[in-house]
Amino acid sequence: MWDSFGFEFVNYYFVPGLVLGCIYALGAIGITLTFGILRFANFAHGEIMMTGAFLTWTFLELSKLIFGFYFHPLIACIPSIFIAIAIALSVDRFFYKPFRDSPTIMIVMASFGMMLIIRSLVQVIWGPNQITFVKGIAKPNGILRDLSGSFDMMLLVPSKHIFIILGTVIIMLAFNYMLTKTRIGKAMRAVSDSPDLAKVTGIDVEQVIRATWYVGGFCAVMAGVFMAMDTQFIMSTMGFRMLLPMFAAAILGGIGRPFGAVLGGLVIGFAEELSAYPWFGNGPLLSPGYKSGVAFSILVLMLIFRPSGILKGRVF
Amino acid sequence: MTSQSEIMNVSNLFAGYGETEILHGINLNVNDGEIVCVIGPNGAGKSTVLKAILGQINIRDGSINLADQDIVNTPTTEIIKKGISYVPQTNNVFVSLTVEENLEMGAWVNPEYTQKKLIEMYELFPDLSEKRKQPAGSLSGGQRQMVAMAKALMVNAKILLLDEPTAGLSPKYRSEIFSTIKTINNNGVPILMVEQNAKQALGVSDRGYILVDGANRHTGSGIDLINDKEVARMFLGSRE
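Just so you know, the protein sequences line up as chains A and B, in that order.
Under our numbering, think of the first position of the first sequence as 19, with each following residue one higher.
Under our numbering, think of the first position of the second sequence as 17, with each following residue one higher.
Hints in this document: simulated from the structure, not taken from any laboratory.
Check the hints yourself; a few may be wrong.
Heads up, simulated SDA-like pairs for lysine to any residue below, C-alpha to C-alpha not over 25 Å straight-line [claimed, not checked]:
no., chain 1, residue 1, chain 2, residue 2
1, A, K199, B, P127
2, A, K217, B, K149
3, A, K178, A, G307
Quick caveat, the model's predicted, so the values are computed rather than measured.
Using the sequences and the hints, build the whole thing.
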């Protein structure tokens with residue numbers, strides 16, 4: 019059963035697809051929440067992700083400087099999360115809130131402007147070049163390799179991927195708990211259903227909006243850090259590059275549907291990685307250079323044939 | 017009827033959307049324990065009165081008092097906190113939330129009584145008790161209306177505003193909603209409702225106001241208005 023086909027497929031296509039899917043899913047959550055609750059497509063979302071990754075790198079370097087060794091990125095990202103949320107909240111307060119009652123296009127343009135401003139600021143502070151996030155080659159996790167090897171199915175998954183996958187699962191469970199069991203989570207779903215009704219019900223919509231930036235900012239930083247852990251480098255354009263697949267994921271799942279975003283993220287992640295698998299013959303089905311084209315194609319096809327997405331979300 | 021028992025007083029109200037004025041000097045009041053209904057032809061400004069009370073439109077002139085406190089120019093959320101509960105005509109439930117979650121959201125402004133209120137609501141609307149875990153969007157129109165009303169009653173409302181509670185419902189549900197309105201009122205909640213089904217609405221109301229073109233036309237007790245020849249001919253579709 020565990021022939022060379024399965025070995026190659028699982029280790030070099032399936033697991034990387036799952037990892038990429040997790041990263042897209044986390045990013046898409048913020049996009050779909052902002053769309054559901056604030057009703058606009060937030061172009062600056064990728065930049066919060068990227069800023070979170072840069073901040074985490076800074077704290078990694080600081081830990082080396084102060085304590086003499088590198089913290090794990092998942093420790094170093096904790097202060098970054100707070101800073102990124104503070105950035106998201108201030109951007110909302112000063113640049114988006116004034117446009118709350120204006121036509122949507124104005125706030126979308128404001129977010130486009132914020133995207134450029136944040137990226138430029140990051141380039142001013144950290145420079146425009148690629149920075150190595152974590153050094154060295156990621157070796158497969160020994161325990162998982164030996165354990166799976168004894169079942170005759172050798173899994174060559176590096177520890178960083180295990181962290182990413184488990185981390186995403188934990189975040190998803192917490193997120194699900196929040197949306198279905200807590201007062202503020204239910205209110206977020208209520209505002210997403212109908213902001214007008216939420217208002218006349220007495221729900222503090224501004225409080226719900228702040229909660230949205232908390233959750234969206236947190237998920238964005240985690241996506242950024244996971245991305246940096248996976249690729250091992252960071253760059254000021256990484257957020258922008260993630261924007262298309264994240265939007266594709268949000269639309270694929272149904273815009274305004276958090277669990278749709280997760281589903282969409284996984285589908286896009288898998289689709290991108292599996293598009294390079296040699297399904298027919300020996301060469302890859304699509305050259306890996308076309309990976310981002312896959313997300314784009316899915317986005318276009320969904321918008322044409324099922325704009326409400328898999329889980330019946332809102333239509334643009 | 018003494019002025020101490022007056023819950024709501026709208027006086028000489030001029031209001032509208034943006035530049036367009038819709039209400040040209042409306043007067044109405046609701047006393048403690050009353051059901052008051054506002055009827056009138058389409059475009060008379062019936063729903064606009066409710067929107068004005070909730071602070072959702074521009075008020076040019078006039079006053080709106082809730083228990084002798086002026087609430088003009090108060091933000092909607094604050095108005096809800098002061099004890100006005102409102103059931104919109106359409107989109108009045110959170111469709112993707114379960115029935116119970118809808119009721120919990122209704123209790124947002126004073127959540128400490130949520131559990132007690134939930135029990136009360138399931139007694140008042142036994143149908144909802146069975147459906148508490150279902151999304152409100154999966155319910156029929158009549159049941160949604162019940163969810164909407166229960167949601168509004170989750171707070172200790174000083175007054176309940178209903179915008180066409182029976183619009184689009186089958187006759188069976190219509191009667192059920194009207195009898196529920198009566199029950200809610202008997203439990204001590206004054207009600208101000210806007211209605212299209214004028215005759216039935218006047219039948220359960222203590223008093224009624226007939227609005228035409230954004231102004232008061234007739235005022236009287238429910239029975240008097242039903243028996244009034246002109247009102248019957250003009251507004252109740254009577255063929256006598």
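Now the hints, each set against the structure:
Restraint check for A:K199 and B:P127: satisfied, since their Cα atoms lie roughly 15 Å apart, inside the 25 Å limit. Between the alpha carbons of A:K217 and B:K149 the distance comes to roughly 24 Å, so the proposed pair stays at or under 25 Å and holds. Simply put, A:K178 and A:G307 have alpha-carbon atoms about 24 Å apart, close enough for the 25 Å limit, and the pair holds.
Against the hints set out earlier in the document, no violation occurs for any number.
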